[in-house]
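Chemist: Turn these sequences into a full structure, and let the hints guide you.
Now for the letters of each chain:
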Amino acid sequence: MKKTFKIEVDCANCASLVEEAIKKVEGVKDALVVFVTQKMKIEFEEGVDTEAVMAEVVRVAHKVEPDFCVL
Amino acid sequence: MNKKQRTMLIRILITAVLTVALMLVLDISRWPLGNIAHGLVYYLIVYLLISYDILLKAIKGIGNGRVFDENFLMAVASIGAFVLAIYTKRDDYLEAIAVMLFYQIGEFFQSYAVGKSRRDISALMDIRPDYANIETADGSLKHVDPDEVEVGQVIVVQPGEKVPIDGIVEQGVSSLNTVALTGESLPREVHGGEEVLSGSINMTGVLKIRTTKEFGESTVSKILELVEDSASHRSRSEDFITRFARIYTPAVCVAALALAVLPPLVNLMIGNEPLWSQWIYRALTFLVISCPCALVISIPLSFFAGIGGASREGILVKGANILETLSKVKTVVLDKTGTLTLGVFDVTAMHDIDDADKTDEEEKRQLVELAVLAECASSHPISKSLQRAYGKAIDHSRVSDIQEISGQGIMALVDGRQVAVGNEKLMERVGVEHCHCQASGTIVHVACDGRYAGHIVLGDMVKPHAAEAIRALHESGVEQTIILTGDSHKVADEVASKLGVDQMFSELLPADKVTKVDELLAAQVKGEKLAFVGDGINDAPVLTRADLGIAMGGLGSDAAIEAADVVLMDDDPLKIAKAIRISRKTLRIVWQNIVMALGIKAICLVLGALGIANMWLAIFADVGVMILAVFNAIRAMQVKKI
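So the protein sequences, as listed, match chains U and C. For the first sequence, this note's numbering gives the first residue as 71, with consecutive numbering after it. For the second sequence, this note's numbering gives the first residue as 374, with consecutive numbering after it.
Just so you know, the hints here were simulated from the structure itself, not pulled from any lab data. Nothing here was measured: the structure is a model prediction, and the numbers come from that model. There's no promise every hint is true.
[Stated by the list, open to error] As a list, the in silico PhoX-like pairs of lysine-lysine whose alpha-carbon atoms are at most 25 Å apart:
{"hint": "1", "chain 1": "C", "residue 1": "Lys-691", "chain 2": "U", "residue 2": "Lys-111"}
{"hint": "2", "chain 1": "C", "residue 1": "Lys-889", "chain 2": "C", "residue 2": "Lys-899"}
{"hint": "3", "chain 1": "U", "residue 1": "Lys-93", "chain 2": "C", "residue 2": "Lys-433"}
{"hint": "4", "chain 1": "U", "residue 1": "Lys-72", "chain 2": "C", "residue 2": "Lys-586"}
{"hint": "5", "chain 1": "C", "residue 1": "Lys-1013", "chain 2": "C", "residue 2": "Lys-958"}
{"hint": "6", "chain 1": "U", "residue 1": "Lys-109", "chain 2": "U", "residue 2": "Lys-94"}
{"hint": "7", "chain 1": "U", "residue 1": "Lys-73", "chain 2": "C", "residue 2": "Lys-691"}
{"hint": "8", "chain 1": "C", "residue 1": "Lys-798", "chain 2": "U", "residue 2": "Lys-93"}
{"hint": "9", "chain 1": "U", "residue 1": "Lys-76", "chain 2": "C", "residue 2": "Lys-430"}
{"hint": "10", "chain 1": "C", "residue 1": "Lys-889", "chain 2": "U", "residue 2": "Lys-73"}
{"hint": "11", "chain 1": "C", "residue 1": "Lys-535", "chain 2": "U", "residue 2": "Lys-133"}
{"hint": "12", "chain 1": "U", "residue 1": "Lys-94", "chain 2": "C", "residue 2": "Lys-430"}
{"hint": "13", "chain 1": "C", "residue 1": "Lys-377", "chain 2": "U", "residue 2": "Lys-133"}
{"hint": "14", "chain 1": "C", "residue 1": "Lys-691", "chain 2": "U", "residue 2": "Lys-76"}
{"hint": "15", "chain 1": "C", "residue 1": "Lys-691", "chain 2": "U", "residue 2": "Lys-99"}
{"hint": "16", "chain 1": "C", "residue 1": "Lys-535", "chain 2": "C", "residue 2": "Lys-958"}
{"hint": "17", "chain 1": "U", "residue 1": "Lys-109", "chain 2": "C", "residue 2": "Lys-430"}
{"hint": "18", "chain 1": "C", "residue 1": "Lys-489", "chain 2": "U", "residue 2": "Lys-109"}
{"hint": "19", "chain 1": "C", "residue 1": "Lys-691", "chain 2": "U", "residue 2": "Lys-109"}
{"hint": "20", "chain 1": "C", "residue 1": "Lys-691", "chain 2": "U", "residue 2": "Lys-72"}
{"hint": "21", "chain 1": "U", "residue 1": "Lys-76", "chain 2": "U", "residue 2": "Lys-111"}
{"hint": "22", "chain 1": "C", "residue 1": "Lys-377", "chain 2": "U", "residue 2": "Lys-109"}
{"hint": "23", "chain 1": "C", "residue 1": "Lys-489", "chain 2": "U", "residue 2": "Lys-93"}
{"hint": "24", "chain 1": "C", "residue 1": "Lys-515", "chain 2": "C", "residue 2": "Lys-581"}
{"hint": "25", "chain 1": "U", "residue 1": "Lys-109", "chain 2": "U", "residue 2": "Lys-99"}
{"hint": "26", "chain 1": "U", "residue 1": "Lys-76", "chain 2": "C", "residue 2": "Lys-489"}
{"hint": "27", "chain 1": "U", "residue 1": "Lys-111", "chain 2": "C", "residue 2": "Lys-489"}
{"hint": "28", "chain 1": "C", "residue 1": "Lys-430", "chain 2": "U", "residue 2": "Lys-133"}
{"hint": "29", "chain 1": "C", "residue 1": "Lys-889", "chain 2": "C", "residue 2": "Lys-902"}
{"hint": "30", "chain 1": "C", "residue 1": "Lys-377", "chain 2": "U", "residue 2": "Lys-76"}
[Said to hold, decoys possible] Selected chain U positions facing chain C (Cβ under 8 Å, derived; list incomplete):
{"hint": "31", "residue": "Cys-81"}
{"hint": "32", "residue": "Ser-86"}
{"hint": "33", "residue": "Val-104"}
{"hint": "34", "residue": "Phe-105"}
{"hint": "35", "residue": "Lys-111"}
{"hint": "36", "residue": "Glu-115"}
{"hint": "37", "residue": "Thr-120"}
{"hint": "38", "residue": "Lys-133"}
Glycine included, every Cβ here is placed at the ideal spot set by N, Cα and C.
Modeler: Rendered as structure tokens:
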């Protein structure tokens, strides 16, 4: 399942770092963080609890880039 | 400007004022605590004001195991500058403050300018309707979410409003501005019974529209989805830079470390002064230039701007990678019908076999009738033109056993008689002697019960801009233009020579087109790309096979939007060359930025290592490059005149 989120991320480099980090989160099949459109696309693995995965995604993203936030 | 940016701007301004004030103070040692290391306390206060967030992030970064983080490097550089200033008793604390100040100005600019251009570009593409009007029982209008409108419901669009959902005009006359959809600035007149596409703006009259699609399936939603997704397809240059950035920062840091340690050690060994502070200072200069920001930001921004500008011109590009391929196109293969010609056929002549007991008029009418009835199930442009020439409703019950023979024509039972309608190959197949017509155009032969009944000559009109379009393609650097068509050699040859197309292949079945494109692809020089342009209706397989598929007049055809990489929203062939020029301009800007950013960084590194450039110059160059790169990137948006 794919979902798109509006995000706030401050720089292009941060966006690619965040992307790298959340790709490694369990339950995330693929992820894309686009700075220019300020959007994040996440493809979840089949049958995972997306809310729990998202909580982890936000936690990991914050760790890499404290200014990152999902709107 | 958001709250974060406003706070940052205030901090930058206060710091700038305080820094200038500190520079103007004549004797700081008379101030309280001013006698400690020439007013270090005051400088530290200003320094912390501008850099506290960076220092905090740097500490957090180390906690998370991110050592080569730009915040950390800036912190090291500026604190290092302080320490050196105290150690060497030069008391030049301004440098550390300046480094942070310029760095923050750069970050502020990046966030503000990029945010603004992002919004500008998005605004170019903003055709999303916010609401739909529905008439209530008492005749007043109610705003509803377009998502809630069902298929078949009637919506009201007032002058100045966007058409939110695709539909058919039920009532009203108006002119529509379709510039956001097609780039065509001439308004389109619509009246009852006509189809209107969402995203166009109603200009003059009130329209009542019966919706034919859901909002999610409407043109406007499709386009928005496509354009928004385009930013997520990365170009190869962006991938390259991302990979480069990952190596660049650690490499510069290692170089800085080496610069700080090695030369002094060598000096010690050969018995010279080690000059530690000088080399450490040079190393700190390196750290200041270690952020690849200018590159990382300007490349996706250039592509985004290029895609945004193109969409304003009615050219939808599905991604940055596509724009990159487009710029390398050297061969353009065009389908003839619908691409270079209007695909609207007119019956230009009719030759029938004389029949003694019928008038000529009756014979002609009968010939068209047979052809139309046999072709009644076909959606081919030819059968549509025949239907138009026939001008009456078709009685489908008279036709049965329709059999379509691909690339040849149709066989069917009409009123119990075996009718064959198609080209010469079909006549040979059914074993009917046919006459070889000399007229130029598409010739449809008709045979009935094994007897030749005559033929109809259909002429296709060349599009008004077709010749100009081919010329423009050659001017924009395309080396070869090729026509592929299922039409007869004679017709294709005439069109090709009229338009100045280099090569043409005629009498191709749909499958032959795929094979032909495969052959052309195989014969291509490495690094050059082949684009196929079609109307997207019959040539989806070819569109996907070519390096780049361009669909024309893609509005309303989902198959085309699906299969193609570039969708031209109207059917003007001039847009092909324009798309190529836009891509070339974007790529040019991308390379300018790469060369400029890398070049200036390299120069700064060399000058820094030699001790010619100080930290001031380094940070100034770094921020300057980024600002230039961003402005340059935004230029990609201006595509009106290219």
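Chemist: What's the verdict on Lys-515(C) and Lys-581(C), does the C-alpha distance respect the 25 Å limit or exceed it?
Modeler: OK: Lys-515(C) and Lys-581(C) at ~14 Å, within 25 Å.
Chemist: For a C-alpha distance cap of 25 Å, please report whether Lys-691(C) and Lys-76(U) respect it.
Modeler: holds (20 Å)
Chemist: Hinted pair, alpha-carbon criterion (25 Å max): Lys-798(C), Lys-93(U). Please report holds or violated.
Modeler: violated (58 Å)
Chemist: Are the Cα atoms of Lys-535(C) and Lys-133(U) separated by 25 Å or less?
Modeler: Not OK: Lys-535(C) and Lys-133(U) at ~43 Å, beyond 25 Å, violated.
Chemist: Just to be careful, I want the Cα atoms of Lys-691(C) and Lys-99(U) compared with a cutoff of 25 Å; is the pair within it?
Modeler: Cα-Cα ~23 Å, so holds.
Chemist: Verify the proposed pairing of Lys-93(U) with Lys-433(C), using a straight-line Cα cut of 25 Å.
Modeler: holds (21 Å)
Chemist: Does the alpha-carbon distance linking Lys-489(C) and Lys-93(U) stay inside the 25 Å limit?
Modeler: violated (29 Å)
Chemist: Given the hinted pair Lys-76(U) and Lys-111(U), is their alpha-carbon gap at most 25 Å?
Modeler: holds (9 Å)
Chemist: Decide if the proposed pair is consistent with the structure: Lys-889(C) and Lys-899(C), CA atoms, cutoff 25 Å inclusive.
Modeler: The hint holds at about 18 Å.
Chemist: Using Cβ atoms only, decide whether Lys-133(U) comes closer than 8 Å to chain C, and label the hint accordingly.
Modeler: holds (5 Å)
Chemist: Does Lys-430(C) sit within 25 Å of Lys-109(U), going by the straight-line distance between their CA atoms?
Modeler: Holds, at about 23 Å.
Chemist: Hint check: Lys-377(C) vs Lys-133(U), CA-CA at most 25 Å. Holds or violated?
Modeler: Within the cut-off at roughly 19 Å; holds.
Violated hints for the displayed structure, listed by number in ascending order: 8, 10, 11, 16, 23, 36 and 37.
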